[in-house]
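Got chain A; can you put chain B on it based on the hints?
Each chain is listed here by its residues.
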Amino acid sequence: MATLQTRATARIMMSPAVILLFLWMIVPLVMTLYFSFLRYNLLMPGTEEFIGFLNYQYFLTDPAFFTALGNTLVLVGGTLLITVIGGILLALVLDQPFFGQGIVRLLVIAPFFVMPTVSALVWKNMLMHPVNGLFAWIARLFGFQPIDWFAQLPMFSIILIVAWQWLPFATLILLTALQSLDGEQKEAAEMDGAGAISRFIYLVLPHLSRAITVVILIQTIFLLSVFAEILVTTNGGPGIQTTNIPYLIYMQALLQFDVGGASAGGIVAVVLANIVAFFLIRLIGKNLER
Amino acid sequence: MGSITLEKVSKSFGTTSVIPEIDLEINDGEFVVFVGPSGCGKSTLLRMIAGLEDLSGGRIIIDGKDMSSEAPAKRGLSMVFQSYALYPHMTVYGNIAFPLKMDGQEKSAIDKKVKDAAHILNLTNYLDRRPGQLSGGQRQRVAIGRAIVRQPKAFLFDEPLSNLDAALRGNMRLEISDLHHQLKTTMIYVTHDQVEAMTMADKIVVLNAGRIEQVGSPMELYRSPKNVFVAGFIGSPRMNLIEGAEAAKHNVTTLGVRPEHIRISTTEGAWKGKVGVTEHLGSDTFIHTQVDGIGQVTVRTDGDFDTKHGQPIFLTPDPARLHRFGADGQVI
Numbered sequence: 001m002a003t004l005q006t007r008a009t010a011r012i013m014m015s016p017a018v019i020l021l022f023l024w025m026i027v028p029l030v031m032t033l034y035f036s037f038l039r040y041n042l043l044m045p046g047t048e049e050f051i052g053f054l055n056y057q058y059f060l061t062d063p064a065f066f067t068a069l070g071n072t073l074v075l076v077g078g079t080l081l082i083t084v085i086g087g088i089l090l091a092l093v094l095d096q097p098f099f100g101q102g103i104v105r106l107l108v109i110a111p112f113f114v115m116p117t118v119s120a121l122v123w124k125n126m127l128m129h130p131v132n133g134l135f136a137w138i139a140r141l142f143g144f145q146p147i148d149w150f151a152q153l154p155m156f157s158i159i160l161i162v163a164w165q166w167l168p169f170a171t172l173i174l175l176t177a178l179q180s181l182d183g184e185q186k187e188a189a190e191m192d193g194a195g196a197i198s199r200f201i202y203l204v205l206p207h208l209s210r211a212i213t214v215v216i217l218i219q220t221i222f223l224l225s226v227f228a229e230i231l232v233t234t235n236g237g238p239g240i241q242t243t244n245i246p247y248l249i250y251m252q253a254l255l256q257f258d259v260g261g262a263s264a265g266g267i268v269a270v271v272l273a274n275i276v277a278f279f280l281i282r283l284i285g286k287n288l289e290r
Numbered sequence: 001m002g003s004i005t006l007e008k009v010s011k012s013f014g015t016t017s018v019i020p021e022i023d024l025e026i027n028d029g030e031f032v033v034f035v036g037p038s039g040c041g042k043s044t045l046l047r048m049i050a051g052l053e054d055l056s057g058g059r060i061i062i063d064g065k066d067m068s069s070e071a072p073a074k075r076g077l078s079m080v081f082q083s084y085a086l087y088p089h090m091t092v093y094g095n096i097a098f099p100l101k102m103d104g105q106e107k108s109a110i111d112k113k114v115k116d117a118a119h120i121l122n123l124t125n126y127l128d129r130r131p132g133q134l135s136g137g138q139r140q141r142v143a144i145g146r147a148i149v150r151q152p153k154a155f156l157f158d159e160p161l162s163n164l165d166a167a168l169r170g171n172m173r174l175e176i177s178d179l180h181h182q183l184k185t186t187m188i189y190v191t192h193d194q195v196e197a198m199t200m201a202d203k204i205v206v207l208n209a210g211r212i213e214q215v216g217s218p219m220e221l222y223r224s225p226k227n228v229f230v231a232g233f234i235g236s237p238r239m240n241l242i243e244g245a246e247a248a249k250h251n252v253t254t255l256g257v258r259p260e261h262i263r264i265s266t267t268e269g270a271w272k273g274k275v276g277v278t279e280h281l282g283s284d285t286f287i288h289t290q291v292d293g294i295g296q297v298t299v300r301t302d303g304d305f306d307t308k309h310g311q312p313i314f315l316t317p318d319p320a321r322l323h324r325f326g327a328d329g330q331v332i
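Those sequence lines, one after another, are chains A and B. First residue of the first sequence: 1, per my numbering; consecutive thereafter. First residue of the second sequence: 1, per my numbering; consecutive thereafter.
Bound-form chain B, shown alone:
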């Protein structure tokens, strides 16, 4: 029970339009990730669904009911904030129990639910602590605990991992995905990090300047991006977007080829260039090359490939995996 439909939803602050008009369907139990560069309106969109931001137009329908002008608490959603927004003077127990207390539930019922949530999130030993005495990851879990005790129709996450260090971020990513499999509740997750989007989502919504560029599963977006923006945004390292004479040869404005779809050789190939910076990751090697007449091209190859700076090199793109974009930036 947690399908959310956005109908012609728009938002403007004064005369500046932040979100022109968005239609989106989120199915029950789906893990949807809103991804886009900062300032693309993804957080605003999430806050509009939460009810923290008024709509300038359109409707938000949750479980078949129009919730466009309902108060946040009435929508049956819970939210995990970027800063966690824990109540600093309450213990972990108090924090998790707060929404239940506000709901006017019985003490014994609250106690059971809080303990259950704490058990799921490994917080049982920390129930008496205050947020100030917890580490970043633990605070994050408390924030999630506060969200799950209400048994909401959907969870909203607003860049929840951006305050954590890289190792912890990886862990929490797994924990949140795990939680989604356990609870099977709809989740909407906002991030600017395409890795988080690719690894966690059932469905990715790529946003740019308030518009939806493309909606689809992670692999759909990876395999067939609809336009230059999505092509450049999804995938790491970025897709090489080649313009000019080389693109004209293929009768397109922009030619896209992913770094992992280029064959590299020291002896022969379609494009001749020079090795620039090489990044060794152990399992992979990213080689930034300077190709004559094309410019910078990044290549991904296996970890054992050895090159020197300035060494001549030959590249051959996989012709079956070229992405062709027209003058309007759309795929041809």
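Here chain A stands alone, though its shape is the one from the complex:
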């Protein structure tokens, strides 16, 4: 009896928080769904009416949509590639004992604490600026023509900035995984005649596979919605070369004032994110089960 009562009490006590969280999730979702079926343009107030799937039709047949979809995938894939490979290398370095280890580790983690808008501005104005930037200065030092990053390599520049922000996260997770590798296993491999590279391939990499999976899963969730870096640096340009799905939705809603179209885009983005998540989990979820 007592346990039943405690359980009921627990449910009642917990319910305000659960209900609040549920509303927090469901109200925006339902409203977005609702708006996505309306003609709802802020420039034409009073003309809202139900138009069925027209918003979806417009959004999905917009040539910019497929470019944006491709850009999103390139941005996610590129950043993952850099952060995972870079993260493994950095973790391997940080795992070695050296003087000032604590401070170096702190420095490596620091970029994660910088706001995306701030870091994007720093990269844009202090590092990648074709006239005043550090990279341009270095290029001139060696007598090269400075690169105008956001004009010549806009997507790569964005990937670089985002990767810089996420590298600490990957490094941190991979470093902790690396530190949990049994020292005797390494010694056993050493006695078995495995050199440093073999040890990395046969021992370290399999040991890290689970952590790598976690890094890929978590980063993908966040990287699908990269927005601030694009807004601050390229504004989706030149043309629509760096417009990803979130930025496209932003353009619909706040530059064209088409709330209905943006809502439809939002729902499409939710569906796409779920498709990506589905394949991701199917693809690498096996790693987590082991």
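Possibly wrong hints are sitting among the right ones.
Claimed, not checked - Think about it this way: if two alpha-carbon atoms lie no more than 20 Å apart in a straight line, the pair counts; the simulated EDC-like pairs of lysine to aspartate or glutamate are:
(1) B:Lys74 / A:Glu187
(2) B:Lys153 / A:Glu187
(3) A:Lys186 / B:Asp54
(4) B:Lys203 / B:Glu220
(5) B:Lys115 / B:Asp103
(6) A:Lys186 / B:Glu70
It should be emphasised that the hints constitute simulated quantities derived from the structure, not laboratory data.
Just chain B now, kept in the frame of chain A:
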């Protein structure tokens, strides 16, 4: 082919000296056990022979060649670790095949050697499993399998049985001894358990604080320990080490007598005491007695001897089997 010679080998971490200086000769095919209390440097010594720990001084000669600064893999030794150190993501087959694969041997040759090793160790049915799916004893055998496929000059065991339960430990002790008779390869075995040392070794090396206290066959160490430390360490239950007035009567600082070399009687004897705790093992009985003027004395007697707590008792040590130690702890 597996003689190992240590010449003036020493090890220090920073300013702390762990092993002052050791000379030791290990003959081909011998089963040598390093035994000592924890922290005596026995594992460090083994790791130095393996090449996992650098020498601070001296030389290690394996089969006549100076291997002091060779890489571990080049020394031709294999090691079984306390935690087994199996590769968790590889199958049993993969684990055993790993050293051969690293050696760059052919697939068919590897396959044959792995199957042979698995046959010797009764692992044939488990080759597809991962270490996580095996019991402690099976993991232990996989670790040994990984060591034997390389056909090393010598095996090094670092407390391999300490993670097993008592029954399994007994079994594995027999299996390892059996393996030694089959392979006739040199084995160096580190343990803190003197029972393992006594039962398995051809030669025991007793270590204390990085120094070799005594080297000899198990019975040599049992019969004539060179000093108080070895006397107290080898043999179970421990030798009674008696100091004070009783020792002075024999003109020694410490008088040692093993529990099995004391005659016990309820009526007459040299020492009078009281029965304390009695441990019945069935075949034997250990009686811990409190002897007047001497202190605690442990006696081993046959299983049927019946006593009560607090009962007066008489003990007579066998005069031919007394061990006499001087002020420096060495035997006189």
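Outcome of the hint check:
1. Among the hinted pairs, Lys74 (chain B) with Glu187 (chain A) is consistent with the structure: their alpha-carbon atoms are about 14 Å apart, no more than 20 Å.
2. Straight-line distance between C-alpha atoms of Lys153 (chain B) and Glu187 (chain A) comes to about 18 Å, which keeps the hinted pair within the 20 Å bound.
3. Distance check on the hinted pair: Lys186 (chain A) and Asp54 (chain B) sit about 16 Å apart at the alpha-carbon level, within 20 Å; holds.
4. Taking the CA atoms of Lys203 (chain B) and Glu220 (chain B), the gap is near 9 Å; set against the 20 Å cutoff, the hint holds.
5. Distance restraint check for Lys115 (chain B) and Asp103 (chain B): the Cα-Cα separation of roughly 17 Å lies within the 20 Å cut-off, and the hinted pair is therefore satisfied.
6. For the hint linking Lys186 (chain A) to Glu70 (chain B), the alpha-carbon distance of about 17 Å falls within 20 Å, and the restraint holds.
The earlier numbered hints are all upheld by this structure, with none contradicted.
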